[in-house]
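Colleague: Please model the entire structure based on the sequences and the hints provided.
There are 2 protein chains.
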Amino acid sequence: MKRATTDEPGSGLGTRERIVRTASRLMQRQGYDGTGIKQISQEAGATLGSVYHFFPGGKQELAVQAIRHGDHEFAEFLTRMLDSRPDPAEAVETTARALARDLRRSDWVDGCPVTATALGTAARAPDIQHAAAEAFARWRALVAAKLQKAGFDAAEAHDLAHTVISTLEGAELAAQVSRNETPLRLAGTHLARLIRTYHNATP
Amino acid sequence: MKRATTDEPGSGLGTRERIVRTASRLMQRQGYDGTGIKQISQEAGATLGSVYHFFPGGKQELAVQAIRHGDHEFAEFLTRMLDSRPDPAEAVETTARALARDLRRSDWVDGCPVTATALGTAARAPDIQHAAAEAFARWRALVAAKLQKAGFDAAEAHDLAHTVISTLEGAELAAQVSRNETPLRLAGTHLARLIRTYHNATP
DNA sequence: TGCTAGATAGAGCGTTCGTTCTAGAGAGGT
DNA sequence: ACCTCTCTAGAACGAACGCTCTATCTAGCA
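Keeping their order, the protein sequence lines are chains A and B. Each residue of the first sequence is one higher than the one before, starting from 1 at the first, in the UniProt record's numbering. Each residue of the second sequence is one higher than the one before, starting from 1 at the first, in the UniProt record's numbering.
Think of the hints as simulated: they come from the structure by calculation, not from any bench. Computed from a prediction, not measured in an experiment: that's the story for all the values here. Any given hint might turn out to be false.
Which bits of chain A does chain B cover? Going by a derived footprint, with three or more residues having C-beta under 8 Å, they are [stated by the list, open to error]: (1) 90–99; (2) 114–121; (3) 131–142; (4) 156–162; (5) 181–189; (6) 192–199.
FRET-style restraints, in silico, Cβ to Cβ [to be verified]: (7) A:199 to B:36: 52 to 62 Å; (8) A:75 to B:39: 28 to 38 Å; (9) A:179 to B:153: 25 to 35 Å.
Ideal Cβ positions, reconstructed from N, Cα and C, are used throughout, including at glycine.
Modeller: Okay, here's the thing in structure tokens:
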């Protein structure tokens, strides 16, 4: 056989893709160690054989792919949000609000798709940590590009992007733990204020 | 017997205290699911029997106590840092630098003592999540108090404290994952800048 | 000297873990 | 028709998991 994108159980996704998505979602909620390979295979509608066929590197390789999936998924979300407003300060605030809405909708279980998977595996699995670092870097680059498009100096944009991502990340974590939108709402407000202290407003 | 603070192996701590500290340190590095009870008992120099004697609620009860320990430990650190400078903006920046230094010194493994333990256990163990939420609230209160002491309005101080803690938390996470002090350094700079945009400078 | 309660000690329970392994199903090429 | 190669299927393995259990030790008090 060659392609397998439309002949699988449930959704129209191939087995490999279904496994990655399921792993990403489960590890996002339960962490790396809290998620078993058998649970992944069951919820993905695949068998253990299929998992090890597509991911001979085992759980670690699967986790790396899960992080990459979450990385790209959030990058798309971030791009959409940042493009929704011309002013970067407003765009960042909109992003924070959207994060809060989605988090609440998931009953506070779907936080950052990368953090939970990567945290706690640092010492044991450097490649997992590396994939997470790449995700953070990609997201920062998107924010930096948005700021530069609005007239920000390159170095300033790069620095600010660091704090924008860090703050959104931390606020999502705080919101998740306290089951409350407030940290994300305030993060949006304060990030917008911080960005506006740089007088490079878009024309 | 009554007290047991000086008659234990290794350090001068009682068995119970040694177990809590070891659990806190291990879960901080490896997460809740990544840390086994037997590993804790071994590294604490205690036996399984002692662990279940002091913590009949098992691993969950131990995790709650471990988080509380990390909570108070970081609260002391935060108090010390905030008191080191009269100006709150400078104090927050100093805190960020100190976090970066300690994180680097631990070879990037000792992040937030609460996050790793609480993340991934949200759905299964509400009491663990609750203990983590309490920790965040306590730290926010310390920052808010510092801001109010410097003349900030109560509501403003409370809001700013949210973002200060969120940003420090997120920046520590980003720094840990990328093994780089930059996120924390920039977080300190930007938080100081944000605080200074409120013209309630200390006299 | 006994008695009692707190604390220590670790073998062993059933379960689940990540992984390996062999067997078979199904489509394409010749 | 047959072979081949990708993918599916799940039994089985040793190790580790959280936890229970009984037995022993120790200190303070009568």
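Colleague: Taking the hints in turn, state whether each one holds.
Modeller: Outcome of the hint check:
1. Figure legend: the stretch 90–99 of chain A, annotated as covered by chain B; annotation inconsistent (0 residues with Cβ-Cβ distances under 8 Å, at least 3 required).
2. Here's how the stretch 114–121 of chain A fares: 6 of its residues keep a CB closer than 8 Å to some CB of chain B, so the rule of at least three is met and the hint holds.
3. With 4 residues having a Cβ less than 8 Å from any Cβ of chain B, the stretch 131–142 of chain A passes the three-residue criterion, so the hint holds.
4. Requiring three or more residues with a Cβ within less than 8 Å of a Cβ of chain B, the coverage given for the stretch 156–162 of chain A holds, as 3 such residues are present.
5. Counting residues of the stretch 181–189 of chain A whose beta carbon lies closer than 8 Å to any beta carbon of chain B gives 5, which reaches the threshold of three, so the coverage claim holds.
6. Check result for the stretch 192–199 of chain A against chain B: holds, 3 residues qualifying (beta carbon to beta carbon below 8 Å, three or more required).
7. The given range of 52 to 62 Å is respected by residue 199 of chain A and residue 36 of chain B, whose C-beta atoms sit roughly 55 Å from each other.
8. Range check, residue 75 of chain A to residue 39 of chain B: about 37 Å between beta-carbon atoms, so the 28 to 38 Å window is met.
9. For residue 179 of chain A and residue 153 of chain B, the Cβ-Cβ distance of about 27 Å falls inside the hinted range of 25 to 35 Å, so the restraint holds.
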